[in-house]
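What follows is the residue order along each chain.
2 protein chains.
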Amino acid sequence: MTAPHPEPPQVRIALGDRSYDILIGDGLLSRPSTWAGLPAASSALIVSNTTVAPLYAARLREALAARYRSIFEVVLPDGEAHKDWQTLNLVFDALLSHGCDRKTVLFALGGGVVGDMAGFAAASYMRGVPFVQVPTTLLAQVDSSVGGKTAINHPLGKNMIGAFYQPERVVCDLDTLATLPARELSAGLAEVIKYGPIADLAFLDWIEASIDALMRRDRAALAHAVRRSCEIKAEVVGQDEREAGLRAILNFGHTFGHAIEAGLGYGEWLHGEAVGCGMVMGLQLSRRLGLVDEAFARRVTALIARAGLPVVGPALGADRYLELMRVDKKAEGGQIRFVVIEAPGRAAVRGAPDDLVRQVLADCTR
Amino acid sequence: MTAPHPEPPQVRIALGDRSYDILIGDGLLSRPSTWAGLPAASSALIVSNTTVAPLYAARLREALAARYRSIFEVVLPDGEAHKDWQTLNLVFDALLSHGCDRKTVLFALGGGVVGDMAGFAAASYMRGVPFVQVPTTLLAQVDSSVGGKTAINHPLGKNMIGAFYQPERVVCDLDTLATLPARELSAGLAEVIKYGPIADLAFLDWIEASIDALMRRDRAALAHAVRRSCEIKAEVVGQDEREAGLRAILNFGHTFGHAIEAGLGYGEWLHGEAVGCGMVMGLQLSRRLGLVDEAFARRVTALIARAGLPVVGPALGADRYLELMRVDKKAEGGQIRFVVIEAPGRAAVRGAPDDLVRQVLADCTR
Numbered sequence: 001m002t003a004p005h006p007e008p009p010q011v012r013i014a015l016g017d018r019s020y021d022i023l024i025g026d027g028l029l030s031r032p033s034t035w036a037g038l039p040a041a042s043s044a045l046i047v048s049n050t051t052v053a054p055l056y057a058a059r060l061r062e063a064l065a066a067r068y069r070s071i072f073e074v075v076l077p078d079g080e081a082h083k084d085w086q087t088l089n090l091v092f093d094a095l096l097s098h099g100c101d102r103k104t105v106l107f108a109l110g111g112g113v114v115g116d117m118a119g120f121a122a123a124s125y126m127r128g129v130p131f132v133q134v135p136t137t138l139l140a141q142v143d144s145s146v147g148g149k150t151a152i153n154h155p156l157g158k159n160m161i162g163a164f165y166q167p168e169r170v171v172c173d174l175d176t177l178a179t180l181p182a183r184e185l186s187a188g189l190a191e192v193i194k195y196g197p198i199a200d201l202a203f204l205d206w207i208e209a210s211i212d213a214l215m216r217r218d219r220a221a222l223a224h225a226v227r228r229s230c231e232i233k234a235e236v237v238g239q240d241e242r243e244a245g246l247r248a249i250l251n252f253g254h255t256f257g258h259a260i261e262a263g264l265g266y267g268e269w270l271h272g273e274a275v276g277c278g279m280v281m282g283l284q285l286s287r288r289l290g291l292v293d294e295a296f297a298r299r300v301t302a303l304i305a306r307a308g309l310p311v312v313g314p315a316l317g318a319d320r321y322l323e324l325m326r327v328d329k330k331a332e333g334g335q336i337r338f339v340v341i342e343a344p345g346r347a348a349v350r351g352a353p354d355d356l357v358r359q360v361l362a363d364c365t366r
Numbered sequence: 001m002t003a004p005h006p007e008p009p010q011v012r013i014a015l016g017d018r019s020y021d022i023l024i025g026d027g028l029l030s031r032p033s034t035w036a037g038l039p040a041a042s043s044a045l046i047v048s049n050t051t052v053a054p055l056y057a058a059r060l061r062e063a064l065a066a067r068y069r070s071i072f073e074v075v076l077p078d079g080e081a082h083k084d085w086q087t088l089n090l091v092f093d094a095l096l097s098h099g100c101d102r103k104t105v106l107f108a109l110g111g112g113v114v115g116d117m118a119g120f121a122a123a124s125y126m127r128g129v130p131f132v133q134v135p136t137t138l139l140a141q142v143d144s145s146v147g148g149k150t151a152i153n154h155p156l157g158k159n160m161i162g163a164f165y166q167p168e169r170v171v172c173d174l175d176t177l178a179t180l181p182a183r184e185l186s187a188g189l190a191e192v193i194k195y196g197p198i199a200d201l202a203f204l205d206w207i208e209a210s211i212d213a214l215m216r217r218d219r220a221a222l223a224h225a226v227r228r229s230c231e232i233k234a235e236v237v238g239q240d241e242r243e244a245g246l247r248a249i250l251n252f253g254h255t256f257g258h259a260i261e262a263g264l265g266y267g268e269w270l271h272g273e274a275v276g277c278g279m280v281m282g283l284q285l286s287r288r289l290g291l292v293d294e295a296f297a298r299r300v301t302a303l304i305a306r307a308g309l310p311v312v313g314p315a316l317g318a319d320r321y322l323e324l325m326r327v328d329k330k331a332e333g334g335q336i337r338f339v340v341i342e343a344p345g346r347a348a349v350r351g352a353p354d355d356l357v358r359q360v361l362a363d364c365t366r
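Chains as they are written, first to last, in the working numbering: chain A, 1 to 366; chain B, 1 to 366.
These are computed hints drawn from the structure, not numbers from a lab.
Values in this document were obtained by computation on a predicted structure and should not be read as measured data.
The C-beta atom is built at its ideal place from N, Cα and C for all residues, glycine as well.
Accuracy of the hints is not assured; some may be wrong.
[Said to hold, decoys possible] Cut-off 25 Å, straight-line C-alpha distance, at most; resulting in silico cross-link-like pairs (SDA-like, lysine to any residue):
1) K330/B with G37/A
2) K103/A with G238/B
3) K103/A with A65/A
[As the list claims (entries may be wrong)] Across the chosen pairs, the derived CB separations fall in these ranges:
4) S97/A with Q86/B: 18 to 26 Å
5) L15/B with E268/A: 39 to 47 Å
6) E332/B with W206/A: 32 to 40 Å
7) L264/B with K103/A: 23 to 31 Å
8) R183/B with G79/A: 43 to 51 Å
9) D205/A with L15/B: 44 to 52 Å
10) A362/B with S42/A: 25 to 33 Å
11) E62/A with A244/B: 26 to 34 Å
Working from the sequences, and respecting the hints, build out all of it.
The following block contains the structure:
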């Protein structure tokens, strides 16, 4: 006899008393067991955006009605350009005007921007209230909702103001990926592909073999991609929650990528698009440092292109790229620190001579 | 043979790997040993305000010159009215425009407002950089610089946005109290007096016997007041860092006090003045709940008055007081939670009927 509702796959983030589960599956939003065991409170606040709220907020609200007497909603403008203090303050305004207290639970319903802002709001409201990540984009499901990094942008740098603050649970309902625009699907695949060269060549093989299935949103392929990505992230975060060392490898492609985002203005390219292109630059830097060969760099670059991502960066000029990268959070004493592929399947953080970086930028921008 | 520079008294805050020392003494700013063992970094940022920076920033900068290659300064407008996001952002602007990195150490040089803002900036900049409290007011030395509470105000409530984030060290240089305006000295004495009724009747006796010495800034009396206050706070915080229970007793007088501050507009009354008057209200509430007798309430009220503090609150109207107190962080599900004196020397958190609170407000406001 098989159970009518098999429990969905779970990935555990092991962080002592801050441990939590990532649930991955179909129809999770409406399944009562998804929300069982969350902290008790008299109120909850759903934080979403103008794109996602009309699609899924009612479903979430209905599912939570049994647990919370009052359920409020705040709908933020959509997009990275709004990941700022002004938008964050809309969450605080909602919390305070509804009389939310220290036990109120926040639900981040949306992509990475919503998760980052709801998470930082939860970390800061009354010095910390519980929150749950309900990521509705592939990028958020495989990366940003997991691991407790929350932040907003500052005009001088991305994610400069934030907190390490772990959610109570992450709920990845694969149904929500059905409504994802194609461009956002590709952006999410950038972070999926990332896990291959930095940590798992077998997964890289699988992504290459499955890229067409992923692009047509085959449910089983997406489920595996989300699960394996979360497993790798869980392992890294479990060893280094606050990015004292190892965790920085998850930023492969991000130093170049953040420069692209900031240089063009946040929101021009999607974060995942900038990371995809940034990985191409990171691979070329690794090649020029003699760490990987041209064949490996080409192989991963081809996969990034097949995922519908840009592989040539905007021509901001090398000086501007370098200036933007010097304020990256990994930089120390003005020295830029890059995540490089030390060998296929293994990453490390290190500096690189400016002239080498200029050569990479000359190769990879147009 | 006595050492030429006896080590100053220290109080230890025991919080596992977040433990730190409070140094208390004369001339600490200029003493090299004060700064020994702080985290290494290429840069430091002194956060101060327009009142304190001209008096002490040069002295601090000089003392730190041996440890940090670059020392930057940001001078904030003075006062509780500026404890907002806009002012906090001046700190982030300074950090980013100077290229400060994840190791940069912040020094909060000033009173409670500077400490709260520099602390929250340190908690949030790049998701957390080290910081040191250098409190220059009595209130900050005996209360706000110790225990890791950091926050800014929101128009709808005081300290609503912040973090629990512990400093690396607290440096209480008693010399800085010499330049403190009389009104600020009294405000600090409110928090000193607080420790008596909630935790230590012997200390209450001592404060009563020493109030004239404290008011004329007798150095030995101030040293003892700071030290004993920090010891009591250290004991409470060590047991309950994140205010799950016990720590709330340190908010005696604060529920009423915050309502006074918010109701009049931040900065009209000093925080310590509002707390002093709030304690009078808290004592009357405790009396009406049958927990302490009129003699005890009168005794502590007389001491508060001798410290130069207001013992009658502004006539905001009971409805407005209740409305403001319902958004206090201790409130749960719309129920106001008061810190009351259960018995002389012992405090607890509990609710109270609205009509009793109205009687207290009728008695204590004019």
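Worksheet entry | C-beta pair D205/A, L15/B: status relative to the range 44 to 52 Å that was hinted | holds, 47 Å
Discussion item. For the hint 25 to 33 Å, verify it against the beta carbon of A362/B and that of S42/A.
Written reply: This hint holds: roughly 30 Å between Cβ atoms.
Item to complete: Hint says 18 to 26 Å; check whether the CB-CB distance for S97/A and Q86/B agrees.
Response: Given a distance of about 20 Å, which is inside 18 to 26 Å, the answer is holds.
Worksheet item: Does the hinted range 39 to 47 Å hold for L15/B and E268/A at CB?
Response: Since L15/B and E268/A have Cβ atoms about 44 Å apart, the given range 39 to 47 Å holds.
Worksheet entry | Proposed proximity, G238/B with K103/A (alpha carbon, max 25 Å) | holds, 22 Å
Item to complete: State, for the Cβ atoms of R183/B and G79/A, whether the hinted interval 43 to 51 Å holds or is violated.
Response: holds, 48 Å
Item to complete: Starting from the hint 23 to 31 Å, judge whether the C-beta atoms of L264/B and K103/A obey it.
Response: At 29 Å between Cβs, range holds.
Fill in: Satisfaction of the hinted span 32 to 40 Å by the C-beta atoms belonging to E332/B and W206/A
Distance hint for E332/B, W206/A is violated at roughly 49 Å.
Fill in: K103/A paired with A65/A [C-alpha distance capped at 25 Å]
holds, 16 Å
Discussion item. Quick check on a hinted range of 26 to 34 Å for E62/A and A244/B, using CB atoms only.
Written reply: holds, 32 Å
Discussion item. Against the 25 Å threshold, does the CA-CA distance of K330/B and G37/A hold or violate the hint?
Written reply: holds, 24 Å
In terms of the numbered hints stated before, the structure departs from hint 6 and from no other.
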